[in-house]
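*Asks:* Taking the hints into account, I'd like the entire structure generated from these sequences.
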Amino acid sequence: MRKIFLAGMVFAVTMPAEPAAHRLDEYLQAARLSLAHDRITLELDLTPGVNIASAIVPLLDRDGDHTISPAEAGAYGQEVLKDLVVELDGHLVPLTLTRVEAPSIEAMRDGSGTIQLRAAGNVEGVSAGRRRLDFRNNHQPEMSVYLANALIPEDADLHVAGQTRDPRQQGVRIEYDVRPRWRARLLWLLVAAAAVSTLMVRRARPLLAP
Amino acid sequence: MSSRPSRVLLAVLVAFGTVGVARLQRTAPSTDATARAVAAAEAFLATLDPGQRLKANLELNEKTRTVWSNLPTGTTMQVGATERNGLKLGDMKPEQEKAALALVAATLSRDGFQKAMAIVDADQVLETRSAPSRAPTARIRFGRGEYYVGVLGKPSTTTPWMIQFGGHHLAINVTLAGRQNVLTPTHTGTQPASYSVDGRTIRPLGDENDKAFALVNALTAEQQKEAILGVEVKNLVLGPGTDGKTIAPEGIRASVFTPAQRAMLVDLVREWVDILGDEAAAAKMKEVQANLAETYFAWAGPTTNGKGAYFRIQGPTVLIEYAPQGQGDNSTDHIHTIYRDPTNDYAAKAAAR
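Residue numbers (this note's numbering), protein chains in the order written: chain A, 1233 to 1442; chain B, 297 to 649.
None of these hints come from the bench; they were simulated from the model.
Among the clues, some could well be false.
Said to hold, decoys possible - Computed spacing ranges between beta-carbons, pair by pair:
(1) B:Glu391 <-> A:Pro1302: 46 to 52 Å
(2) B:Thr433 <-> A:Gln1310: 33 to 39 Å
(3) A:Asn1370 <-> B:Lys603: 28 to 34 Å
(4) A:Arg1400 <-> B:Lys603: 17 to 23 Å
(5) B:Gly602 <-> A:Pro1290: 39 to 45 Å
Computed from a prediction, not measured in an experiment: that's the story for all the values here.
Every residue gets a Cβ at the ideal spot worked out from N, C-alpha and C, and that includes glycine.
*Replies:* Next comes the structure, spelled out in C-alpha cells:
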C-alpha cells in the first residue's frame, strides 16, 4: 500500500467524473427521541443538501440580510415544530422549543450546515406498563430523507421494547416499558438500610471488643 | 484479630479487587505500544518549527478531542469548528510528513495504516476528478494534502493524550491512556468506493462491505426477518457530532446465531477493531467476544452484494455503522462508517479511574 501511496498519485481512474461529495438534493432530517418518566426530549438535526440549500435558506433568512439571527432561527424552529407530531398512548404531547442553532448560510450552501433543533414535551404521570410513543415528521416531505431513533433511556426503569417505522422513517412508533417506581424506591431503601446496618455494626465494634 | 463483619468486608474487597485486576489485564495492552507512539510523536514534533508545533500539538480537553468530522476541508464540522486539529500534510516539508505518517503507522496496525492511506488515496482521486470543474472561489478541497495530523496533550506512557489523523472521510482518534490504547470514536469512509492504481483495483472499505453481505446472506429467512429493518437508512445515526449518545439496539441478537454466523460477525467487527495496533486490538476483540450474546446485527436495504445497504452492529461496548450515501444511480460509491464504544469513547474508563 505504501508503494501505492508513493506512486506519485498516478491514478488510472476507471470511473466517470463525479465531483460531488455531499448529499445533493435531499434535506436530511435526523431525529433522536429520549424518554424519561416526566418528559419526551427531541433532538432534530436538519441538513440541507447543496442543491436544495437555496430553497431552505430563505425560510431562515427572512429579511434577506445574508445572516441568520437567533430570532430568525427561533422562528424557523417554531415552523418546524408545527410539522412534528408526538403522541403518547394516542394523546398529543405538545412540544416546546428549547434550543435552535443555525449554521452560517455559507455552510448550508456547501451542504455541511446543520440546523440543530431541540424540543421537549411534558408527560408527567406516565404509569407503569407498556407505553406507545408515536413520532411523525411532516416537515418538507417532498425533498427530505429521514432518520428516527430512540435513545437508550437514562432512567433504568424505562426500557425500549421495540421501534417500528414507515419505510422512509418519517414516522416511528416506539414501544417502551415503564417499571413501577416503587421497585426503584424499594431498592434504594434496601441499600440505605444496608448502609445504616454497616455503620451500626462498625460503631458497635469498640463496645464489643475486649 | 478481626471480627466477622470485617472478614466479610475483606472477602468482598478481595473479590472485587480480583475482578478489577482481571478486568484490567483483559483490557490493557502492554505499554510497548504506548511507548512506541510516544517516541514517534516526539520525533514528529521535533521536526516542526515553533509555529508549526503550536498548531500540531494542542491541549487535550473535552472540547478539542471532539474536533473531527467526515467532511472535507472548507466546510463547517458538525461540532462547529471550521478547521481540524493539527497540521495538514500539504503544509509539511517531506521529512515532517514522513515523521507524521510514521506516527500514524506506529499507532495503527499494518492493515489499519493501509486502510487509512487507501481512504486518503481515494480522496486524491476525488480531488483529481473535481478540481477541473471547481469554481476558483470554492472553499472545499479534497486530496492528500488536506489530511491533518494532530497530537493532543503531552505524549506520555502514563497520562492520557491523543493522536488524531483526519480529513475527508477519515477521523482516526486514538486516545493513549497509560496501558490503554483506545480507537473509539473513529470514522472511516470513502468516495469513490473503488478506484484503480497501476491496474490494481483498490476498495478501501471493500472487505467491510463483502463480509457484511456474506453474513446477512448466511442468515436463515427467519433470522433475516429479525435482522432487516425494512426502512431506508440514508446516513449514520451516530456519526460525527453525536458523542455520548446511545441508541436503542435493533435487529437480531447474536445469541441466536450459529457458531459459524458468530465467527462471521466477529470477523466483520475486526475490520474496525483491527485498525488499531495488534495488542490493543486483541484486548478489544476479547471484550467484544465476551459480549457477543448481547450484540445485535441490523440491516437495511437489499441483500445482493453490489447494491447499497446499511448495517449496524451494536453491543454493550461496541457500535459500528456502515451507511452508503445513496448518491446518484450508484449508491455504493460513497460510504460513511462509524466505530464507537458507548462505554469507553476517548478512553473514558481510564479517565474515570
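*Asks:* Each of the hints needs a verdict: does it hold here or not?
*Replies:* Right, here's what the structure says about each hint:
no.: 1; hint: B:Glu391 <-> A:Pro1302: 46 to 52 Å; result: holds, 48 Å
no.: 2; hint: B:Thr433 <-> A:Gln1310: 33 to 39 Å; result: holds, 35 Å
no.: 3; hint: A:Asn1370 <-> B:Lys603: 28 to 34 Å; result: holds, 30 Å
no.: 4; hint: A:Arg1400 <-> B:Lys603: 17 to 23 Å; result: holds, 18 Å
no.: 5; hint: B:Gly602 <-> A:Pro1290: 39 to 45 Å; result: holds, 40 Å
In summary, the structure agrees with every hint in the numbered list given earlier.
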